[in-house]
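Hey, can you work out the whole structure from these sequences and the hints?
Going down the list, the protein sequences come from chains A, B and C.
Numbering of the first sequence is given in the numbering used here, commencing with residue 1 and proceeding in unit increments.
Numbering of the second sequence is given in the numbering used here, commencing with residue 1 and proceeding in unit increments.
Numbering of the third sequence is given in the numbering used here, commencing with residue 1 and proceeding in unit increments.
These are calculated hints, taken from the structure and not from any lab test.
Just so it is clear, CB atoms sit at the ideal spot from N, CA and C, and this is done for glycine as well.
Chain C residues, not near chain B, derived (Cβ > 12 Å throughout):
(1) M1
(2) D27
(3) D30
(4) G40
(5) L79
(6) A155
(7) P158
(8) T162
(9) E164
(10) V165
(11) A170
(12) G208
(13) P210
(14) D211
(15) F213
A few chain B positions that, by computed beta-carbon distances, are all more than 12 Å from chain A:
(16) A104
(17) K155
(18) V216
(19) R245
(20) D248
(21) A251
(22) A253
Pairs of lysine to aspartate or glutamate residues, derived as EDC-like cross-links and limited to a Cα-Cα distance of at most 20 Å, are as follows:
(23) K146(B) to E183(C)
(24) K284(C) to D387(A)
(25) K198(B) to E56(B)
(26) K198(C) to D217(C)
(27) K190(B) to D246(A)
(28) K155(B) to E186(C)
(29) K218(C) to D248(B)
(30) K196(B) to E245(A)
(31) K616(A) to E591(A)
(32) K177(C) to D151(B)
(33) K177(C) to D112(B)
(34) K190(B) to E357(A)
(35) K124(A) to E135(A)
(36) K190(B) to E245(A)
(37) K528(A) to E557(A)
(38) K254(B) to D196(C)
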Amino acid sequence: MAVVVVTVVLFVQRVRPGVALVANARPSGRGAPTPDRITREITHVFLQKKLLQKLGPGLMHAFIFWGFIVLLPTIAEAAVAIVDTESSLPLLGGASWFAFVSDVFATLVVIGVAMAFFIRKVLKPDRFRGSHMGEADRILLLILAIVVTFLLWNASRIALGIAEVPDSRPVADLLSGLFSTGGSTEIVERILVWAHLLVILGFLVFLPGSKHLHIATAPANVWLAKDGPTGRLEPNRIDLEAAEEDIRFGVATQTDLSKKQMLDLFSCTECGRCQEVCPAWATGKPLSPKLLIMDLRDRVVAEAAGEVELQPLVPNAVIDQVVWDCVTCGACVRECPVDIEHIDTIVDLRRNLVMAESRFPQEAAPMLRGVENQENPWGQPASARLDWAKDLDVRVLQEGDPAPEVLFWVGCAGAFDERAQKTTQSVARLLAAAGIDSAVLGPREKCTGDPARRMGHEYLFQMLAEQNVETLNGAGVTKIVASCAHCFNTLANEYPDYGGTYEVVHHTQLLSELIAAGRLQPRTGVGKITYHDACYLGRHNGEFDAPREVIGGEIEEMPRNRERSFCCGAGGARMWMEEESPRINDTRFDEATETGAETVATACPYCLVMLDDAAKGKASDIRVADVATLLAETTLVE
Amino acid sequence: MNVVVLTKWVPEPEGTPTLGDDGLLVREGADGALDPGDEYGLEAALQLVEAAGDGEITLLTMGPEVAHAALQRGLAMGAHKGVRVTDDSLRGADSLVTARVLAAAIGRQEFDLVVGGVESTDGYTGTVSAAIAELLGLPSLTFARKLEAADGSLKIERQTAAGYDVVTSPLPALVTVTAGATEPRYPSLKGVMAAKSKPVETLSVSDLGLSSDEVVATQTVAEVSDAPPKQGGETVEADDTTPARIADLLAEAKVI
Amino acid sequence: MKIWVWADVTPDGPAPSALELLTKARDLDDEVAAVALGPGGTASAGALGEHGAKTVYASDDEVFSKHLAQPAVHALAGLVEEHDPAMILFPASYDARDIAGRLQARTGSTLMANATDVLGPDKARTEILGGTKIVDVELNGPAPKLVLIRPQSFAAEPAGGTAEVVDVKADVPDDLKKAERLERHEEEASGPRLEDAKVVVAGGRGLGGPDAFEQLDKLAAAIGNAAVGASRAAVDAGWVPYSFQIGQTGKTVKPEVYICAGISGALQHMVGMKGAKRIVAITKDPDAPILKIADLGVVGDLFKVVPALTEEIEKRRTGS
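Next up, the structure:
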């Protein structure tokens with residue numbers, strides 16, 4: 001009894017600082033029990049959905065996790081049996097189904113631990129680079145000790161003949177042969193039950209200071225994860241009229257972190273699945289999403305414990321470069337079994353660096369200036385937004401005109417970049433051929449603000465969002481088709497926060513629909529073709545099929561496709577930052593080359609430019625083109 | 001170290017300017033910003049004042065209300081106060097009028113250094129700063145691509161046709177800074193917010209003690225006509241014959 | 001009516017601009033004089049006289065080269081007051097600009113910058129909007145009218161003749177000697193200067209980075225008597241120094257042949273090279289504005305065309 005009390009006291013004492021950190025953190029504004037949230041809690045936590053994205057390690061963990069859940073009542077069983085050897089739990093104690101289940105699951109845990117050691121000691125995947133392997137080993141051994149003592153305890157009870165429903169415990173029964181029926185086993189039985197309970201209590205004390213705390217934090221972290229597409233960033237509203245102290249400029253110190261961001265830090269189990277898929281890490285950059293979270297966590301803990309002073313997290317927890325390396329592709333968020341949302345924290349750190357400190361890669365300053373002064377990242381005059389349309393018959397929506405059925409949002413790349421202009425022209429011609437009533441805003445279109453927002457200049461984004469929403473609402477627009485995946489994501493998922501709610505489709509979605517409805521001819525292409533899934537269309541918004549339908553025919557898929565697509569390297573405003581070799585786009589292009597394809601199809605102007613740059617840099621003959629261009633070529637007569 | 005930085009609001013620096021009926025560039029209603037050329041000078045001033053450890057930067061501009069935006073930008077970057085001279089009589093001011101107005105405004109305060117850009121993005125005359133220096137009796141160190149101030153004197157690397165000269169002068173002086181001499185800082189949002197509460201003074205021609213004669217421009221546009229279009233060129237797709245074609249052209253021009 | 005020319009002089013002689021301006025001044029009037037202040041001043045009188053100066057106001061005093069602008073303005077203002085010229089033509093050199101600007105403030109004269117032609121004693125001409133529009137400007141205001149002429153607006157032609165040299169006493173107050181030149185540095189430039197080269201090879205944004213300029217260096221070397229320049233985009237990007245810049249805010253060049261690669265032809269750039277006798281443009285953009293003024297426009301990959309061209313020229317040179 002006393003032991004339990006001491007354990008609980010120690011546990012509470014050790015967990016209190018962490019709880020305080022989360023309790024005192026800024027509210028995340030999430031947590032309402034929506035159907036999505038409830039579904040996610042069930043599938044991610046109880047059904048281990050994200051863990052099973054990697055089948056082997058997933059099963060390994062599932063065995064241990066499910067075993068843990070099932071075996072919880074056996075802790076009470078053991079406690080009861082300590083008090084009185086012969087006693088057992090009411091109800092469950094005599095239930096043969098429970099005995100069977102706990103026996104089987106305990107064994108599965110043993111198998112799980114064995115698998116874990118196999119992965120860590122024999123396979124040794126690179127995702128563990130930087131993780132605390134020693135601590136992990138200790139945790140696994142403690143888990144093993146718990147279930148082994150459990151099985152052996154039951155085995156000894158069977159040997160002594162005091163076990164309830166012994167026939168329902170096949171494994172324990174097997175092990176009972178290890179024990180004699182005599183008096184020494186009585187002592188052994190006592191030792192085992194005490195050992196079992198003491199290991200559990202010891203584990204409880206050890207838990208708060210280790211990554212095993214995730215068993216408490218992860219379910220909460222999954223609960224607080226974002227509803228809706230992962231491409232959406234939550235607003236950090238800036239009111240310039242307010243007093244400076246009342247405005248939050250992103251995250252500077254740990255006191256600026258939200259509850260979710262704080263929980264993220266304490267949910268990480270250092271599994272490294274995020275690190276494994278990060279394009280920055282894969283090309284030798286210092287950013288690893290796992291190490292980012294670990295470094296932030298370590299700094300937060302040390303500051304909370306008074307070991308170091310409260311300082312800005314950048315550069316004291318992580319260096320500036322790490323914050324800028326991110327392409328916001330979301331591969332890390334997709335893989336994370338405990339729903340850590342690395343991008344939200346990275347962007348919040350950027351917000352502070354840009355808006356409060358003006359400390360960011362200077363080569364991106366012209367982009368911010370351009371967005372600010374000319375409302376586009378290239379600083380081109382608004383009057384040039386229709387240059388792509390000069391030989392086409394495109395309706396330009398003037399003020400006061402009736403709204404079109406679909407507003408074609410061209411985007412800055414589509415308007416000013418000569419390669420992307422070809423996509424814009426193809427889309428316009430296809431819409432016309434299909435008889436769609438569409439129009440463009442022309443010079444009234446301003447940058448959606450996506451590059452500014454991903455860069456961290458939230459205020460600049462806010463201004464543009466408000467202005468664009470005013471234009472769109474004023475024009476009575478209800479449906480928008482965007483030919484850029486970033487514009488699409490921002491218009492669909494982020495503009496509603498600023499009063500702009502429209503039906504937003506990506507051009508590949510609209511084209512696919514039109515083909516299916518017979519309003520456009522399907523593509524008749526020859527030659528091998530591969531498709532590069534754009535992060536902001538695919539992973540962030542779940543659209544993988546529409547572009548493939550537009551391409552039609554057989555696609556030579558790259559190994560990393562669909563949800564596992566490897567970024568082109570332009571996201572996160574990195575299109576306007578310098579990157580050191582080896583470059584992300586070159587790496588991806590190499591992967592495309594290996595498919596043997598002659599054409600790489602894209603669905604976003606950034607991807608188009610990045611992969612085409614890679615092709616040119618390697619003097620490759622492979623053609624890079626948007627799916628709309630590929631469709632227009634074979635289905636539209638000149 | 002107190003510095004006065006000359007700034008100008010220019011219409012759409014990246015865009016294509018248009019001519020009005022009076023033959024002058026259209027400024028009203030056009031989108032515009034602080035002349036990018038001035039930012040190099042302002043950045044140089046900010047660095048000099050930071051290195052000196054103390055001092056104030058005053059931004060000075062001549063222009064209508066829209067020019068206020070140029071001042072706000074400079075204040076957001078770190079300048080301490082702004083002065084804007086505006087007057088109906090100044091519309092169509094030429095370089096000498098501009099110089100007189102700015103010199104009069106500068107003369108109203110204490111300063112160690114006046115900083116200007118080499119030439120404005122819309123006017124390109126490049127002589128206003130020199131005229132100001134003459135009116136104030138200051139040495140003019142123009143085309144500086146690198147600046148250093150110490151012990152009451154300024155040392156610059158002055159761009160020349162052959163390379164550069166090292167030129168020095170005691171302060172007070174006037175300096176013009178070439179494009180690319182510094183990397184202008186991007187103002188933080190906090191800087192933009194702080195700019196709103198920094199003092200900005202508005203002055204008229206009479207506030208400066210100038211008579212109306214002194215602000216009359218001495219140039220008028222007589223005629224604007226189209227230049228003759230360039231004749232006969234052809235455009236071809238690159239192929240294997242291209243190097244020979246270009247080489248033939250060079251041979252015809254007798255340069256190879 | 002007296003038309004004066006400010007002559008930039010060095011011990012090596014008068015700058016070509018002085019001879020060009022004198023040739024133009026002769027057109028406007030007979031009474032042409034040159035002002036040549038600084039070491040080499042009196043020695044330049046021969047060439048200046050040959051190109052039309054009847055009088056050369058000269059001084060060899062090093063005060064004019066050792067100190068920026070102010071001594072020259074002081075002496076020039078004195079000459080102006082004494083002789084009352086109707087008009088003074090200045091070249092667009094770094095020094096002459098400052099002198100013209102300062103003189104304007106002192107005398108209250110009209111100063112027109114960036115002129116491409118002088119049409120009369122009170123009328124001058126300039127080009128704007130990338131050279132697409134010609135603007136004639138009336139110079140009202142008191143004499144002398146000051147005109148800053150864009151480089152290479154006129155061709156220099158000797159007329160024969162000698163000039164009377166009038167010695168100018170440099171009585172410069174100390175107050176005007178504050179700005180002092182301590183050192184002169186020549187920057188590494190192999191080959192002719194941009195302004196003098198018969199052929200200019202220029203690169204722009206399309207080069208993608210500083211390394212590609214090596215290709216242009218090789219081409220220039222193969223051609224010989226060629227200089228390498230750049231558009232503002234390449235300079236702003238930090239790929240080459242400012243001294244390479246050709247354009248409205250850079251150098252004006254008028255070579256026999258101007259070859260550019262990866263330059264789209266922004267208005268500001270075209271101003272600096274429009275006067276080239278022949279223009280060859282290599283770009284991947286079929287809609288690039290530069291193609292409209294090129295004598296031979298090539299739409300293609302510069303990374304293929306430039307090396308191939310270099311090879312072709314080398315072949316012809318060695319006769320293989």
